[in-house]
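Undergrad: Residue numbers (UniProt numbering), protein chains in the order written: chain A, 1 to 234; chain B, 1 to 291; chain C, 1 to 406; chain D, 1 to 320.
Think of the hints as simulated: they come from the structure by calculation, not from any bench.
Even for Gly, the Cβ is constructed at its ideal location relative to N, Cα and C.
Hints should not be assumed to be uniformly reliable.
[Said to hold, decoys possible] Looking from chain B toward chain D, a few residues come up when the C-beta cut is under 7 Å (computed):
(1) S92
(2) W96
(3) E97
(4) F110
(5) N113
(6) F119
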Amino acid sequence: MLQTTELNAFYGQFHVLHDVSIHVREQEVAAILGPNGHGKSTLLKSICGLVDQVQGAISYKGRDITGRPAEKLVNDGVIYIAENRELFPEMSVLENLKLGAYSKNARPFEKKNLAKVLELFPRLEERKKQLASTLSGGEARMLAIARGLMSNADFMCIDEPSLGLQPNLRVEVFNIIKEINKQGKSILLVEQNIPQIAELADRIYMLEEGRITFEGTAQEAGENEHLKEIFLGM
Amino acid sequence: MLIEYADVFISGLTNGSVYALMAVGLTLVYGVSKAFNFAYGSFYSLGGYLAWVLLAGIGIWGGYISVFIIALPLLMAFGYVTEKLIVAPLRSRSDWEIKVMMITLGLALFMDNFYQVAFGSRMKSLPPIVDGVWDLGDIVISYQDIVILVLSVSGILAFRWILNNTRIGMAVRAVAQNPEGARIVGIPKDRVFAATFAISTVMVGAGGVLLAQKYFVSPTGGWDILVKSWVITAFGGMGSIQGGLYAAFILGMLEAFVGYWFGMTWVLFALFAVLLATLAVRPQGLMGKWG
Amino acid sequence: MKKLVSLILTITAALALAVPAMAADTIKVGVPLAMTGAYTDTGDNYWKGIKIAIDEINASGGLLGKQLEPVRFDTQEFAPERVMQGADYLCGKMKVDSVHAGWAGWGQDVRAYGKYTAPFFADDGSQSAVDVFNQDPKKYSNIYQLTDTDINQASSMFRVLMALPYEYPNKKVAIITADDAWGTGVGETLAKNFKKEGWKVALHEEVPYGTREWGPILTRIRKAKPAIIHLEIVSAQEVITFFRQFMESPTKSILSYGYSIVPREVVQTMGTEADGIIGEVPTAMPTPIAPTPEAQAWVENFKKIWGHQPQAGSWAAYSGVKAWAAAVEAVGDAKDHAAVCKYISTKGYKGETGWWKWDESNVMRAGGDVPIGHYQVQGGELVTIFTDPPVKPYKDFKFQTPRWCK
Amino acid sequence: MGGLMAIIYGGLAIMPLFVGGVDYMMHILIMILIWAVVASCWDLIMGFAGIFSFGQVAFFVIGAYASAIVSNKFGIPPFFSIFIAGGIAAILGVLVGLPCLRLKGAYVALVTFAVHMILEPFLKGHMGRAIGTGGSRGILTIPPINIFGYAFTPDNKVAVFYLTLVLAVICSVIILMVIRSFWGTAFLALKDSEDFSASLGVSAFKYKLAVFALTSFLTGMVGGFYAHYVGMLSTRMLGIDLFVTLMIMLVIGGIGQFPGAILGAIVTVTLNEMLSPLGPYRPLILGGLVVVLVLLLPDGVIGLLRRIFGGKRKTREAEA
């Protein structure tokens, strides 16, 4: 469904990604693991059209999308869900969700998706009228994911969904992601090194110093010595 | 005594409503795109001249209603094209904020002198929208002031409604609050920038149409408007429409009462004194936010 | 669109002609006036008079057989170095043989042009310019003022106000002036004179240009109910907005606009609405009927060329050119600046209304054949009701009690 | 930078050989030098330090009035009074700078421009008259600078020109030294990221206040010099015309491209004079030119020269 070929990305003079090639299949959850600051977020942002200097090729559903800006990719069905959430603080939860359906493709499904999303996140239903800036960390994370769902995208890039959350909330978030996946969305997510990821992800990549150092199924990852070391090292 | 204060109060109210209409556009553009438009006063004059051309030049049928129907879309188109042509290309440059100020200053110089060359340096007067006064015995209010008050307040309310209830309005607020977040949900940022510029041009241009019949139009008449709008937006907090509204009425009142108690020469001092005092306590203005 | 095309054409043409063709046998005449900025309109008025004079002389065969060639200079907003630059350009570089300005710098001009010898005609109407002159009358002997000073003009306004055939209901006056040299000078002189006569100055306010919302001041006026309101701001927007807001609920006050009646827009915009306002013009061409047939012919000619009544300044500037031309004619040499100046100072010039005489400070003092004209707007036009000094009713034109005073 | 500056000033220095006899040309040359310093100061504070100060014309006028009043009232020789004027401007600069440094972008522009706008009513009003500004009439007699008995009056324009040249060169060298010093580096760092440079130990506050003081001092001093050269002063300098003209110098010279501002002054003043006979078309053309130049020549004439001669291309990113 989505494929990058020898992707390189730069921030100014900094060469962040080196020849990264990954792929995500239809209805699959792929996870990118790796230490902090080694380019995981950059990879997601590059795919989603949020990085200006990119070399290499990205294709989505067989179409070349390299260099396509984020606001257009949303319409194509690729949505980015940010780690720092990128919500609209002075708007209500409901308005945030409605804006999630801004793109042309999502607009006709706004009502249907809204109902679906609120069912999925009962907590947001309760806080519908509240300003986004008043939400707790976990709620904001949920709102970000919910807003992403509103876009009706088939392919969701989720940046560190569990970052800074308490363990019970983490489980809740992962369950929701699993549920979304079951409903037919392909998901590429980035995490640092959470053991639970093995249960969620169909395929796991390891990104270190801007390079892919491991690729395999969850099972293979579990058997990999190098990964184990990192998992245990946490 | 009370009667006089009521009189001054009404004067302050009229000032305030005019300032509010003027300042909202400036604060909007700054809030959304961080661009400061120095040609804002010239856009005001543009509205006035458009009205003059339509009414006195062409002698259009239907009076002010036709003027608004024709002028507003023209102003909107003008604002949109201006943003696309001269502001948007600068956004990716270093020092772009200074460069936007410079280029709009150049545009202001160009426009003001274009008016002078095309229409002459003399002021142009327009027929009043309505004539007559409302005589309440001790207090007299001209219908003209009432019309200006009502139209500018409803203009602002309409604008707020658009901002809160329409798709484009939500997009504008989204970009103002979080440009990156707006991109992520698929809002075309550049188009929103241009759209806000267009909306602000409409607001100030409509102000020009509305005020030309009271204050006349002249080539350099926009500077006063720019300065006052600037003070108001800074006082209220740049980018905060609510703050701008409060600031407009507070400063309108301040102007009227300082003028009454101390004399007109002190108005400017008082405006800046209040502004500086406010900024010393709240560097972001009454209701502004950093960022 | 047509305007735009012609605009572009004009720019191109002007650029092409920017290097002036050096015609060998012309007499150059410097014309430093505001062509851009806040004073453009007054600059236009002077230019209209100067242009007529030059065209007239050229049409009648020129001066000493040579055509006059105006050299214009944009004084912009009269920044000191700009005034100086004008003098260096016109007198120093272009070597003009006379300079005809209007408002020219209120004293700054005296110093700048006093360095050179070419006769210089200004319409400063300012005591500070005369003060500079008196510091060194010899050095500045080429400087001529076409109008009397602000102090004398204000005194004249006061005399006429006192002479109006009208019973003032009280002895209170409100004085509102612009915060420029002219406005403050007139305001102070008026206030002094009123106090001397036992009047009370109920309100004396200086306002900045751009004041268009008069609510607070009008509130105070309505409370004081003065018999006279004098407004001295030579800018149409301010005086028209004042009048209109005043008329929303007028007090029984004579509205005296002084020199502020001058901007053409005042009567043009308001028409008969302005009926009743009074004002003055120094070095005035009385209208609607001029004092002499020659003057009447001049007024008709002006109207034919420019399409409206002559404004203050046009006739003064016109007469400056003619006075200089007459002197050159008599001396026989435009280059002999000293002789030309001496002739102007001693002999004067006979114009359409009679003799122009400059005093020992080279100021064209009001009076005689060229008095200050005092007007009232009647039927939407300026009508001369008095001349001064001495205070004299003009022909059969009568002061009419304004409608809001009845 | 230094080389180009030497070429420019060298070129100007020999101009009197050709036009020394024409007062008008000499006056233009003197004004070019004066504006070159003012524009360079503006460039230092806006282009290098990244502070949107719009008060340069105000400090110029403050310096001019201060020097005129000090020399007229207390009989201090103009040669010294211009330094006193610079000092007064510097103190005011610091006073304005103090509140400004807590503010951002367009706010700083507004507060500094407020100084500009309030100055005119102040100088004209009762307070101004009390300290000797002459109110709206202005000051019409100011003594010329006198060095060892030689008076630099407008009648001796060549002499005044060389004196101005010395002053301009000194000011420019000071500005150049500032840009080349640790300060200059600090400013560039500050502009790129305040947080980043704060972590490097660059105290934003100290440096910004210092640059306020320095530019106000130089601008005020040159203002004082101007007053004694022209010999008269009025508030008419505070019109929008001069402000815009200085802005155009920066646009043409290039922002943060010292010594571009000096080139900008030369080009702008010359252009202004050439267009002057066109009357109202002059500002029309200038305004249009600003729009076109900002779009087409992002780094002004200096950028153009660099592109033509292919010299070391210095971009912000490379320096950061």
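Undergrad: For each hint, tell me whether it holds in the structure or not.
TA: Structure-based check of each hint:
no.	hint	result
1	S92	10 Å, violated
2	W96	10 Å, violated
3	E97	6 Å, holds
4	F110	3 Å, holds
5	N113	4 Å, holds
6	F119	11 Å, violated
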